[in-house]
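Using the sequences provided together with the hints, build the complete structure.
Residues in the sequence shown are numbered from 1 upward in steps of one, following the working numbering.
Be aware that a few hints might be false.
Stated by the list, open to error - In the BS3-like style, the derived pairs of lysine-lysine whose C-alpha atoms are separated by at most 30 Å in a straight line are:
#  : residue 1 : residue 2
1  : K71       : K143
2  : K18       : K142
3  : K145      : K75
4  : K18       : K2
5  : K18       : K234
6  : K234      : K145
7  : K18       : K5
8  : K75       : K18
9  : K75       : K2
10 : K71       : K2
11 : K43       : K142
12 : K234      : K71
13 : K2        : K43
14 : K41       : K142
15 : K75       : K143
16 : K143      : K234
17 : K71       : K142
18 : K18       : K71
19 : K145      : K71
20 : K5        : K75
What the hints assert, rightly or not - Simulated DEER-style distance windows between Cβ atoms:
#  : residue 1 : residue 2 : range
21 : S176      : N235      : 45 to 53 Å
22 : K143      : D172      : 43 to 51 Å
23 : I196      : L138      : 32 to 40 Å
Hints were generated in silico from the structure; no laboratory data involved. All C-beta atoms, glycine included, are put in the ideal place defined by N, C-alpha and C.
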Amino acid sequence: MKRDKIYSLIDGDVGTNKLSPVYDYFMMVIIIISLIPLAFKTKTIAFDIIDAVTVTVFIIDYILRFITADKHLEKGALSFLLYPITPLAIVDLISILPSLSILSSGFRIFKLFRLFRTFRVFKAFKMLRYSKSVIIILNVIKKQKTALIAVLSFAIGYILIASLVVFNVEPDTFNSFFDAIYWATVSLTTVGYGDIYPISSAGRIVTMVSSFIGIAIVALPSGILTAGYMNEIKNSDDE
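Below, the structure written as structure tokens:
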């Protein structure tokens, strides 16, 4: 019974638990506070306290979600084995691990945990869990993944072909095939940084064609996501 109340608090809605939105807002505030030290190069006692308090909240939240994993995943005892490898659980764990590197001061081997300092930014991704709008967008991406994968495959294919063509048309301009891929990607997205560009007529023609195709490719996922988002909003309103 207690686990039911915990689950309704951390994963419920207003209909099942009126305190659930309060918990969501509380966690978002904690996440934002935990990001404050990242905006400064200096390390102070205040920042250490912030890190200690926020990571404690994250650990408690992780434990609560773990002990109610069967109610979320609905796969019985197997849920407790599957939960740690779910995307959001991995993000939760990565946001916790950097703070555990305090152990490195006593044990040399734990200095390896300093590598996880790079992943402190993952704390920001914890906000995805508590944003209803983001959940809707994730549902749209999930439902439209076939169309999006098709567009992505087409874009990658064109980038590789355009890179191969321009690399052979202007071998003196591009020092490596990776430079050609970089140019093709920038041209396809119509960003055009201008640090690498073809100088021959043939190379410029390839660039123009790439830019036109890029406009179409960039527009496709925008249209797919917009249509899917509108349908998801409509279905949400109907429910």
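For each hint, the structure was consulted:
no.	hint	in the structure
1	K71 / K143	23 Å, holds
2	K18 / K142	29 Å, holds
3	K145 / K75	25 Å, holds
4	K18 / K2	16 Å, holds
5	K18 / K234	24 Å, holds
6	K234 / K145	19 Å, holds
7	K18 / K5	11 Å, holds
8	K75 / K18	26 Å, holds
9	K75 / K2	19 Å, holds
10	K71 / K2	12 Å, holds
11	K43 / K142	41 Å, violated
12	K234 / K71	27 Å, holds
13	K2 / K43	40 Å, violated
14	K41 / K142	38 Å, violated
15	K75 / K143	22 Å, holds
16	K143 / K234	15 Å, holds
17	K71 / K142	22 Å, holds
18	K18 / K71	19 Å, holds
19	K145 / K71	26 Å, holds
20	K5 / K75	19 Å, holds
21	S176 / N235: 45 to 53 Å	48 Å, holds
22	K143 / D172: 43 to 51 Å	47 Å, holds
23	I196 / L138: 32 to 40 Å	35 Å, holds
Of the numbered hints given earlier, the model fails hints 11, 13 and 14; all others are met.
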